[in-house]
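S.K.: Those protein sequence lines, which keep their order, are chains L and S.
The numbering used here applies: residue 2 is where the first sequence begins, and numbers increase by one.
The numbering used here applies: residue 2 is where the second sequence begins, and numbers increase by one.
Below, simulated BS3-like cross-link-like pairs (lysine-lysine); rule was C-alpha separation at most 30 Å, straight line: (1) L:K94 with S:K141; (2) S:K18 with L:K86; (3) L:K140 with S:K140; (4) S:K152 with L:K131; (5) L:K21 with S:K54; (6) S:K18 with S:K94; (7) S:K86 with L:K27; (8) S:K114 with L:K152; (9) S:K140 with L:K141; (10) S:K86 with L:K86; (11) L:K152 with S:K110; (12) L:K114 with S:K86; (13) S:K21 with L:K131; (14) S:K94 with L:K140; (15) S:K86 with L:K110; (16) L:K75 with S:K86; (17) L:K94 with S:K18; (18) L:K131 with S:K140; (19) S:K21 with L:K54; (20) S:K86 with S:K141.
Derived from the structure by calculation, the hints contain no laboratory data.
Protein chains: 2
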Amino acid sequence: MADASSSDITGEKQTFKIRKLEITDKRNGYMELLSQLTVTGSVTDDEFDQRFKEITSYGDDHLICVIEEESSGKIAATGSVMIEKKFLRNCGKVGHIEDVVVDREFRGKRLGKRVVEFLTDHCRGMGCYKVILDCGVEKKEFYEKCGLVNKGIQMSKYF
Amino acid sequence: MADASSSDITGEKQTFKIRKLEITDKRNGYMELLSQLTVTGSVTDDEFDQRFKEITSYGDDHLICVIEEESSGKIAATGSVMIEKKFLRNCGKVGHIEDVVVDREFRGKRLGKRVVEFLTDHCRGMGCYKVILDCGVEKKEFYEKCGLVNKGIQMSKYF
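Whenever a hint applies, use it, and build me the whole structure from the sequences.
M.R.: Here it is, written out as structure tokens:
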């Protein structure tokens, strides 16, 4: 892929691979990456492992992908998708993309677009009729470059 | 509840109860109700049963509720919620509300609000830190009355 390899500001070669989240990724900066998106709190190794098992028990219906910088093993970007099964649209399925974030150290390398495309391809392969996501209006242009269009608003209630 | 009973335009007394979707609800107008929201296509009884079993296999993590008009047994309103398990927010959970619709015959009786409150209460009980949903901007005021606030936009891609 055109963006599979690039150099950092010191000229060191960086190579990225995209794959599913693994249970060992807590050691590779996964939670620190999520903390660039929102509050993560302090998740213990046991809590992480438990949640990892809960999520992976859904198989292909809940996928978390990461982009790993291969020389350091560091997690540079992530995103997730959860597939909802409906009755409407001929018992159709919808992919809900969530929690897309690129480490500030690795921005400007189109890693976010790779994450969204990976998740979108997964949903297409799973037979979804659409993918959706919510974002701040300042992210609209980025997601348009990923092939999505604005359709409606998000409402939320915090407990 | 204040809105548990009302009268239709002919003066006939109507009583409503809210409950989980049951596999026999295809006979009670459930798909016709969904068709007031969007395209449903032609779902066979076998396809319905199969999808019902897939959804209910998630237990409390994917709940579809209906409001039944008790004298006729007709499904008057519905909505669903799917609970997403995250790592962020101390391994938090988020409820995704989907497919809220009230039969046009039964509108103006606050059934939509009851559906949203039922789904929201379920999420609170399940330990979610928030519920979210997407809607057209014309529905904003309705969801504000249900206690939600606008936060961001929805992006989508149809396959």
